[in-house]
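Once you have looked at the hints, place chain P on chain E.
Listed here are the chains, written in short residue letters.
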Amino acid sequence: MGTRKGTAVTRSVRKRTEGVPRLAVWKFASCDGCQLTLLDCEDELLSVAAEVEIAYFLEASSAPGPGPYDLSLVEGSITTPEDLERIQHVRRVSKHLVTIGACATAGGIQALRDFGDVREFAAVVYARPGYIATLDRSTPISANVPVDFELRGCPIDKRQLLEVISAFLAGRRPVVPAHSVCVECKARGNACVMVAHGTPCLGPVTQAGCGALCPAFDRGCYGCFGPMESPNARALNKQLRALGMSTPELVRVYRTFNATAEPFRQASESAENSREADDDA
Amino acid sequence: MAAFVLDSLEPLIAELRSRGFAVVGPVARGGVIRMEEISSAADLPRGARDEQTPGRYRLSTHDGDLMFDYAASPDSAKRFTQPPRQTLIRMRRGDIEEVEDEAPRLALLGIRPCDLAALAVQDRVFLGGRHPDPAYRRRREALFLVTVNCAVPGGTCFCVSMGTGPKATKGFDLALTELADPHRFVVEAGSEKGVDVLGALSQAAACDDDLAAAEEVSRIAAEHMGRQVDTEGIQQWLPQAHDSPRWSDVASRCLSCTNCTMVCPTCFCTTMEDSTSLSDGTAERVERWDSCFTLDFSELNGSPVRGSGEGRYRQWLTHKFATWYDQFGMSGCVGCGRCITWCPVGIDVTEELANLR
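If you're matching them up, the sequences are chains E and P in order.
As numbered in the UniProt record's numbering, residues 1 to 281 make up the first sequence, in order.
As numbered in the UniProt record's numbering, residues 1 to 357 make up the second sequence, in order.
To be clear, the hints were calculated from the coordinates, so they are not data collected in a lab.
Any given hint could be a false lead.
[Said to hold, decoys possible] Computed, partial: chain P to chain E, Cβ under 8 Å:
{"id": "1", "residue": "31"}
{"id": "2", "residue": "84"}
{"id": "3", "residue": "85"}
{"id": "4", "residue": "253"}
{"id": "5", "residue": "258"}
{"id": "6", "residue": "263"}
{"id": "7", "residue": "278"}
{"id": "8", "residue": "291"}
{"id": "9", "residue": "309"}
{"id": "10", "residue": "345"}
Idealized CB from N, CA, C, for every residue including glycine.
Bound-form chain P, shown alone:
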């Protein structure tokens, strides 16, 4: 694939907007990198750097032009492909109306290679079975994906262990690598749509120095993973660790608060809530994010199947790293490290796995 160089992202953002996409990119808000709609490259967090450790995230600002000098933010693509709450049907005196929300045309700018891997997992979950989810398909097909290869992995990142980064190899429309001195981006198209958008911009072909610098960014990033997981044989040994005393140890620290599953880009579990309206005689069925850490999640006949904290943690970790293969033929973990950073008490899946082994 031919690579080009962009001196600025402004023309790309303008081009995407002129094609009817709302461009969603990283902004620094409230001390955190968030994915929000942007209108210009000036909205991007120039000079922002993050520090991520178990249970801790801090953002600071530095001199320089770099706009993607940080790791994964709490927002993955999940919020856009699988909204936290969506109405499925409305009923009025026996008439059922299926609610078809408009899928917004979104260009996700600056999502990371681990997030692309997570989208591939979601695609398998929502579209790969016998009952594909049409609402997911609509939202997914309305996306334009501009990934940024990671330069500075966070302290909780382990994409190298999971084979998902730090350089994107597939699943994107455009892939950027940000370079300094002078500030520029090496860009490659990964789809017809990407080629088409790129063709509308005035760009120069990347020279050998640009390509070598981009390779160097990814090589250095790969050497600076904050965490690692030995995945050798994990599909076999993890389910066999069912009776390990480590589960009760981690349960003593676990809050069952659900934060790990909420920030996980592949955790897809939902529940249904039915409600009746007092005013107009309608009933509604809403699907909302749920988590295997709640008691309602496994409730059968009035009591939870997994009533203990250790049972719930074991279910989550075992599914994510092992039985996901049985179910979907792939790992459920993409190594983004969000569950480690955003656990309020800093439980580290990589440490738990190492101890369980």
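Isolated chain E, as found in the complex:
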């Protein structure tokens, strides 16, 4: 115990004298769930706090420290003209910029606006839509500024977040595989819910990271981590139809948190436009 305490003191001294890496956490259009993952780290959060100075994190502290920052974690998508300017500022004050979560990496569920007319929505929702300044599309951070790493998920996985922070501190490449959920699903010992139960599942086209959480509870994958490295949604869709999914259902499974990630966008649009769509109608 004594040693540990001593180490902590040494670290806090070093923090002021030797320039410990400074971390910032930023929020754009999002639900805060991914930032909360950092607070959810609990025990490990103390380790993070010992290795970095959490300089700017409004969700955790109302005392923002000035830039520049060594590592910025950015949550949320760009949906307003102000966001467009603010993300440029974040990029300027950040040595490394890592986007966290489906909003920041793919535009999030608010990117459903891309399939419609945002002015129409605003007119329906708001009494005075003239006060609303919003962009036509919800875009990922990487569509606006260069990004050093994208961490997927809705929300992100705590284990992967710690891995990314550790990797940046150690100057190494994060171990965040881009293969399918199926790899984790089988390692976990699940039987395939599609094969064994006929449950539609997006696991084969979705990137791993969650630990195959839903299939472990006999649910199909919802695609929270977005498209895997080589998705073949056309082939999967054929099977999902064989399992009884209708065209509206098929369109809908792809139009959630990663609706405008390109392979998922194509998957929902081709489902909508395919000849089978006519058959189902």
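Coordinates of chain P only, in the frame set by chain E:
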């Protein structure tokens, strides 16, 4: 080898447990036969039958006493001989500690003849070369194998084509054949360990009728293979099919999801993951299951050597059925049919091979 008859598996399970083995056997859970630790014959799936077709598995329950009236389950012995994830070394400020996991004493009850053949393949891969894997050896030597000869092959089985079943001829400690009316098991020992365990049980010598009934079970099973593969000359012709248009056809259906390789009892590929801990300054090297269907698998200098789906499928199928002979002197396929059943879109290796030929 002398054959005996057991009326119940309860004494066998109790004997194995008293010798310090955790007994792992088939149980019906979540609509699937899984290999899990059992404590009694009552845990076995009495009356369960499976239906297996490409991309589809269903389990149903019927009257009767039979406990092994189904084909291979998604779990082979691989999970126990080669765990999905294992820590190899830990480092702390330059001190390297090799992690030696305890090899659990496991009795695998009810693994199939194709699974025994798969263990022989794994033995060749992990122990037969110049650099045997000591961790595999520890786990392998801690196993006691009670195989059950297949009575009802699944719709995706083709062990007869691969010469691995449906009756086990070697590689087991005990081999059971389940018989009905009355419900009983013909049992044979295949090793010293098996003879020793069998000697501790009270059993009766099998009579001619028992032996004839057991032979009949295996004969009928052999006639009911769901699939077949013509292996004649496959080592030569398959690599020569490198430029066939069939590869792009199968790639259009393949998800590159890795399910076939994960359920395959002989697919042994792994990757290494190194990690650093924030809290205690340690670094760890972990070995985990990987698959030739991922892009990272063939990554060199930042991009994959096999970037196309057809390249990856061709690599897998050609290795499994042909170049495995060049590498290990045997086929990599044992005909268990798991890759067919557990492919989410039902790609059938036997059909692909027939089309490629």
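Right, here's what the structure says about each hint:
Hint status for residue 31/P relative to chain E: holds, with the closest Cβ pair at about 5 Å, below 8 Å. Taking 8 Å as the C-beta cut-off, the interface hint given for residue 84/P holds, the closest approach to chain E being about 4 Å. Because the closest C-beta pair between residue 85/P and chain E is about 6 Å apart, less than 8 Å, the hint holds. With its C-beta approaching chain E no nearer than about 5 Å, residue 253/P sits inside the 8 Å limit, and its interface hint holds.
Checking residue 258/P against chain E: minimum C-beta separation of about 5 Å stays under 8 Å; hint holds. Look at residue 263/P: its Cβ gets to within about 7 Å of chain E, closer than 8 Å, so that hint holds up. Because the beta carbon of residue 278/P sits about 4 Å from the nearest beta carbon in chain E, less than 8 Å, this interface hint is met. Contact between residue 291/P and chain E, as hinted, is supported at the beta carbon level, the nearest pair being about 7 Å apart and thus within 8 Å.
At its closest, the beta carbon of residue 309/P sits 7 Å from a beta carbon of chain E; the interface hint therefore holds under the 8 Å criterion. The interface hint given for residue 345/P holds, since its Cβ lies 5 Å from the closest Cβ of chain E, which is under the 8 Å cut-off.
When each numbered hint is compared with the structure, no violation occurs for any of them.
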